[in-house]
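Novice: Note that my numbering has the sequence shown beginning at 24, numbered continuously upward.
Just so you know, not all the hints are guaranteed correct.
Dumping the calculated BS3-like pairs for lysine-lysine here, alpha-carbon to alpha-carbon at most 25 Å [as the list claims (entries may be wrong)]:
{"#": "1", "residue 1": "K503", "residue 2": "K338"}
{"#": "2", "residue 1": "K369", "residue 2": "K326"}
{"#": "3", "residue 1": "K503", "residue 2": "K253"}
Please keep in mind that the hints were generated in silico from the structure rather than gathered at the bench.
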Amino acid sequence: MSTKTLANGKTVETYPLTQAQRFMFFVWKQFSANSPFLFLGSGYYWKDDFRPDLLKEALEEAIARCDALRIRYTMENVNGNMQVMQYLLDTAETEVEDVDLSDMPYEESYEIIKGWTKEVIPIFDCPLNTVRIVRLADGLNGFYLKLNHLSFDGYALKAFIVDTMAIYLHKKCGTPYPKPMRSYYDAMMEEFKYLDSDQRKADRAYWMQHFSTMSEPIFNDYLIEGNRLKKAREEHPDQRFISLYEGDHPETRTLTYELSKEDSDLIMDLCKGKNLSVPCVLMLGLRTALSAFNDNQEDVSFKFMINRRGSLLSKKAYGNRWHFYSLRTIIPPELTFEQAVAEVEKVQSTIFKHCNFDTLEMYQVKHLAMKQGAITNAGTASYDSMTFSYHAPQEVPCENEAVKATCIGVWYPTDFSAQNLYLTIKHRANDNGFEFIFDYRISENSLEDLKVLYPKIVKAIMEGVRNPQITMGEILDIIKL
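With the hints as extra help, turn the sequences into a complete structure.
Specialist: Laid out in structure tokens, this is it:
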């Protein structure tokens, strides 16, 4: 820890980045510098007898309750090395603007708001976030958030929306005022304590043992005609990894699909009835589709994002707890769908026990421990063709069911990514149905192949949901290319 004197003469304490922040900053600098990669753009809108005066008050109070909006970043000379540090201001210095876009079609306003998200703003020693009340066409109104990804992940962003709406409904409808949020400083200190803990030593030992004893994984591509491992094996028949991120082209586009409420409810009902993990069911669908794309390969790996918030402090203190791990499952064809979900959950649960370990340090451990050629996913060599994340629903307070049916939550992509393909599955605001968002690098992907991948994922899931005793071999026969 050290101190910094601000332009106004005030002295503040500065702190290193947390583990998740360090990884986020590393990825930004390595793959997407001078891009809007470090920002999250989101909107939440609904139709009611809109009270913008009350919404502005609610947003201002939610801002005051959100320590993460007070975070600033700076560069300091630490023991002869320039290092990114963070500090907390007394106030967020975030003004609530009011923008009226109601005189244009929704599609046109969407592009304007997406443009706000893509605007590059400085990172160091300046305000980092934008909050706007937005009026859209056809009586749709709400607010837009552009939040810095070093300070917020998807969970934290949604928590801010929930807090804002709870305050708004208190003012508008007299519902109970939400309980206070928690201190980002306290949560940050807890993360720093982990660095010197016995648990961190145990986690490092686990990963070292895991990587040094595991067999070599194999890359499973989602590209069909352009399967990259098959191409690599033309020169090296035994190769099991390929190179990603060739060239400096981080530009992306998004492909979004909405699963029907009926099918979404079937998935949720099965998970509730049989006590199955929702993300594990979804991940089983993904890994089965990847298997089908690769001659029914039993050994399938992909990266998945973990956002572990096991305590009330971590849930209510905002911040970024973004960690990525390779999820590798070996599932023989004779396993039933239900047994295969359990296998995915077993692997996930093992990772969860050691998932506070620094992602960057994990790459170092993998480099030291693995005997195979593809020693890291931080650079170009990889066994993981894509990344998966699931955003569990956080119930957003709503005035009544009629208003809820009009609610929409919108993600505004920056069109830049450090990953070649990132599938995010989240729940729609109005009916809780699933939304599949493929964020893909346009320089490395075939849009036609992605349009095949999605229905294969859904077909694999729904076959198992409707008949949990179907075998994985039978599902692979159904979804074969």
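Novice: Taking the hints in turn, state whether each one holds.
Specialist: Tested hints:
{"no.": "1", "hint": "K503 x K338", "verdict": "41 Å, violated"}
{"no.": "2", "hint": "K369 x K326", "verdict": "16 Å, holds"}
{"no.": "3", "hint": "K503 x K253", "verdict": "18 Å, holds"}
Violation of the numbered hints given earlier is confined to hint 1; every other hint is satisfied by the structure.
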